[in-house]
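Take these sequences, add in the hints, and give me the full structure.
Residues -19 to -1, 1 to 170 (mature numbering (1 follows the signal peptide of the UniProt record, and there is no 0)) are what the sequence shown spells out, left to right.
There's no promise every hint is true.
Simulated restraints, written as ranges between beta carbons of each label pair [claimed, not checked]:
1) Ser70 - Val129: 49 to 57 Å
2) Gly82 - Pro125: 50 to 58 Å
3) Gly82 - Leu45: 24 to 32 Å
4) Gly30 - Pro57: 34 to 42 Å
5) Val81 - Thr52: 21 to 29 Å
Keep in mind the hints are simulated off the structure, nothing from the lab. By construction, the Cβ of each residue, glycine as well, lies at the ideal position given by its N, Cα and C atoms.
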Amino acid sequence: MSCAAVGVVVAGTLTVAYAAGSNSGGEALHGCVSTRTGMLRVVDPQRGGRCATRGPFQEYAIALSQAASLTGPTGPRGPRGPAGDGIESLDALQGLPCNVGSEDEGEVVIRILPPEQGSVVQMVCETDATVTYTPPPPITADPPIVVVPPTTTRPPVTTTQPPVDEGTPDPTTTLPSTITIEPTVTTSS
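What follows is the structure, encoded as structure tokens:
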């Protein structure tokens, strides 16, 4: 029997035993593992199930539990591993995954502002929900467009005013004084 088939049989046996309620205590599933083949057999000790400890079909007992057991003693420190490659610059972080395992998974985007803006480094986890705005480039015309202010020509303005009073009015004078103003056009550059 192949290892894959054994795994399927074991998983199926555990599933059936668990679903059948043979684990009435709810704490652990008990089983026996063959010393010859490694096959697992699920048993219920409360119903008299035991592992074979003698003869050609010897087994050893195991218990499968959802709860973790007590932590054992800390083992000896292992040898120091080789140095990693590391990063050469901030640019190496560009595009790395971020917020892995969450709904907001994304990738690292690095922005470095120019010196005239303070050389600030921004590192952002850009996701599908990230909103970015990039202003459009300025519009340039070839050849350049020159804007010339409009020039207007206005007709001369004529106003009529009564004569200046220099004492007693002369009732015989009936001609009014006429003033003509000529407009001048100035342009600024």
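Here is what the structure says about each hint:
1. Ser70 - Val129: 49 to 57 Å: Given a distance of about 51 Å, which is inside 49 to 57 Å, the answer is holds.
2. Gly82 - Pro125: 50 to 58 Å: holds, 55 Å
3. Gly82 - Leu45: 24 to 32 Å: Between glycine 82 and leucine 45, where Cβ atoms are some 27 Å apart, the hint holds.
4. Gly30 - Pro57: 34 to 42 Å: holds, 39 Å
5. Val81 - Thr52: 21 to 29 Å: For threonine 52 against valine 81, whose Cβ atoms are near 27 Å apart, the range 21 to 29 Å holds.
Hint compliance for this structure: every hint is met.
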